[in-house]
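Please build the complete structure, drawing on both the sequences and the hints.
Line by line, the protein sequences give chains A and B.
Numbering-wise (our numbering), the first sequence opens with residue 1 and increments by one.
Numbering-wise (our numbering), the second sequence opens with residue 1 and increments by one.
A few of these clues could be false.
Claimed, not checked - Ranges of calculated distance between the beta carbons of each label pair, as one might list FRET restraints:
1. B/75 / A/203: 54 to 62 angstroms
2. B/80 / A/35: 26 to 34 angstroms
3. B/47 / A/157: 55 to 63 angstroms
4. A/151 / B/163: 42 to 50 angstroms
5. A/37 / B/52: 26 to 34 angstroms
6. B/80 / A/37: 12 to 20 angstroms
7. B/39 / A/32: 33 to 41 angstroms
Calculated from the structure, these hints are not laboratory results.
Yeah, the Cβ is synthetic: ideal placement off N, Cα and C, and Gly gets one too.
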Amino acid sequence: MMIKHLLSIDQLSTDQIDLILKTADSFGEVGTRTIKKVPALRGRTVCNLFFEPSTRTRLSFELAAKRLSADVITFTADSRTSVSKGESFKDTALTLQAMGLDAIVVRHTSGGAPKRLSQWVDASVLNAGDGANEHPTQALLDLYTIRRRFGGIEGLRIGIVGDIAHSRVARSNIKAMTKMGAQVTAIGPPTLLPVTAGSWGIDITTDLDALLPKLDIVYLLRVQKERQVEQFFPSLREYSLFWGLDRRRVDLMKPEALIMHPGPINRGVEVAGDLPEMERFIVADQVSNGIAVRASLMYLMLGGSQELPAPEHS
Amino acid sequence: MSPQPLPSGIPNLPAGGADETGRAWVVLDELDVKRALVRMAHEIVESNRGTGELVLVGIHTRGVPLAERVGSRITEIEKMAPPVGALDVSFYRDDVGIRSPQQVSTTDFPFDVNDKTVVLVDDVLYTGRTVRAAIDALVDFGRPRLVRLAVLVDRGHRELPIRADFIGKNIPTSKAQEVRVHVEETDGVDSVVVYDPRVLGEATESS
Numbered sequence: 001m002m003i004k005h006l007l008s009i010d011q012l013s014t015d016q017i018d019l020i021l022k023t024a025d026s027f028g029e030v031g032t033r034t035i036k037k038v039p040a041l042r043g044r045t046v047c048n049l050f051f052e053p054s055t056r057t058r059l060s061f062e063l064a065a066k067r068l069s070a071d072v073i074t075f076t077a078d079s080r081t082s083v084s085k086g087e088s089f090k091d092t093a094l095t096l097q098a099m100g101l102d103a104i105v106v107r108h109t110s111g112g113a114p115k116r117l118s119q120w121v122d123a124s125v126l127n128a129g130d131g132a133n134e135h136p137t138q139a140l141l142d143l144y145t146i147r148r149r150f151g152g153i154e155g156l157r158i159g160i161v162g163d164i165a166h167s168r169v170a171r172s173n174i175k176a177m178t179k180m181g182a183q184v185t186a187i188g189p190p191t192l193l194p195v196t197a198g199s200w201g202i203d204i205t206t207d208l209d210a211l212l213p214k215l216d217i218v219y220l221l222r223v224q225k226e227r228q229v230e231q232f233f234p235s236l237r238e239y240s241l242f243w244g245l246d247r248r249r250v251d252l253m254k255p256e257a258l259i260m261h262p263g264p265i266n267r268g269v270e271v272a273g274d275l276p277e278m279e280r281f282i283v284a285d286q287v288s289n290g291i292a293v294r295a296s297l298m299y300l301m302l303g304g305s306q307e308l309p310a311p312e313h314s
Numbered sequence: 001m002s003p004q005p006l007p008s009g010i011p012n013l014p015a016g017g018a019d020e021t022g023r024a025w026v027v028l029d030e031l032d033v034k035r036a037l038v039r040m041a042h043e044i045v046e047s048n049r050g051t052g053e054l055v056l057v058g059i060h061t062r063g064v065p066l067a068e069r070v071g072s073r074i075t076e077i078e079k080m081a082p083p084v085g086a087l088d089v090s091f092y093r094d095d096v097g098i099r100s101p102q103q104v105s106t107t108d109f110p111f112d113v114n115d116k117t118v119v120l121v122d123d124v125l126y127t128g129r130t131v132r133a134a135i136d137a138l139v140d141f142g143r144p145r146l147v148r149l150a151v152l153v154d155r156g157h158r159e160l161p162i163r164a165d166f167i168g169k170n171i172p173t174s175k176a177q178e179v180r181v182h183v184e185e186t187d188g189v190d191s192v193v194v195y196d197p198r199v200l201g202e203a204t205e206s207s
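Here is the structure:
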């Protein structure tokens, strides 16, 4: 039985995550066909509702919905929409509700916005990133990418490097990776490491060089440049000196260890300019797997019987 | 409605064997299944006049091992191995949104189907809806010259104008009954069992 809304990784059991990842394999195969489309969600309408800029997530959801033959409409809150005329989030939601949608993919600057939306509309709500809270589909596509490369997730040592405290990608990934049995360490400037990390079931360190030889995966987070304005670290140069990945640090890694990044990449900050072209930097894998995982999720969430129990998330 | 587990040992009985409650009985045993597949292999080769342009496509789940076995029988007869593929029809079903999604298996077509004679292979032909979905899925891969259908069991009760070209065994059933095909690859034994939940046995409480 699948959930109605996907707001947080917390909602998913390991069995449900397994089902999502296994089904994604089938959508990976669909993506290799000449006709990259199946009729499963024909006649359903999916709305991309984006209150924050996005390239890969929005395009990925759109492609995933189209692979399932759903109709896709896109709403970006900018000067061309009613949001610029002062329409509230609730009124936007009620407008969408009146249009009879089957699913709303929402990205918002405020944490909790997708959950609020799920209380106002009948459609399934999929969280595509809410403030510093969660980005569950990113975590699922990362799990899928790891599983395809390593055959499994359990027992792997994963280091997440960067702004852990403000990152929704980190929050969702830490939940998802630890749930699936990986051993996660957060690495970064002390000001950007969460104070309560002990309760997240992870280790914390500021010393990247010491940890690198032990890791199977180095997961780099994007350095949000606005954080530097808020003075969480003195300068971008200092950040890359201590926590940026360069050739010297790559040589410290295990030969089979991989580098991941949710994008967009700041070359020269969290990663040296020429590294993203390395074979072990698998960001392109993450992007293409994202389509299969999101298709799998929409198929499982929307393709099920309509008499699903109330969402587990309360 | 999730299928009830069969009483243990039932699938291993010889044909005609039944459990003590009388709710499950074996219609085809291991030898019967083997003979049926050999005969179907001969019929397929005969109607195709050899293995030229012939491909077999098993429908997940139990159609896949059955297709592989028919393929090996054809290889023994004709000394030519027809390509065998696997098709999952979940995304093409007409009950998406009505029943909850099942585990999806991976479709695997290591060959071109254009201008081929495609024999779809499944375990049981019942309403015909799976076969309808399979034909839709198949044509997404190309334009076969002919599409044929081979099933181990035809149990009747069609809801669509679909019929099988090669049939292992016709088993007249009631809609209340279930037909369970077991294959060695997934179930450890080859047999076809009919299960009738309406038969009230003595062992109802003890299980």
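Here is how each hint holds up against the structure:
1. The hinted window of 54 to 62 angstroms between residue 75 of chain B and residue 203 of chain A holds, with their beta carbons roughly 56 angstroms apart.
2. Our hint of 26 to 34 angstroms for residue 80 of chain B and residue 35 of chain A holds, since their Cβ atoms are close to 30 angstroms apart.
3. Remark: the range hint 55 to 63 angstroms for residue 47 of chain B to residue 157 of chain A is upheld by a beta-carbon distance near 58 angstroms.
4. For the pair residue 151 of chain A and residue 163 of chain B, the supplied restraint of 42 to 50 angstroms holds, since their beta-carbon distance comes to about 44 angstroms.
5. For residue 37 of chain A and residue 52 of chain B, the Cβ-Cβ distance of about 32 angstroms falls inside the hinted range of 26 to 34 angstroms, so the restraint holds.
6. Distance hint check for residue 80 of chain B and residue 37 of chain A: the Cβ-Cβ separation is about 34 angstroms, which falls outside the suggested range of 12 to 20 angstroms.
7. Residue 39 of chain B and residue 32 of chain A have their C-beta atoms about 36 angstroms apart, which keeps the hinted 33 to 41 angstroms range intact.
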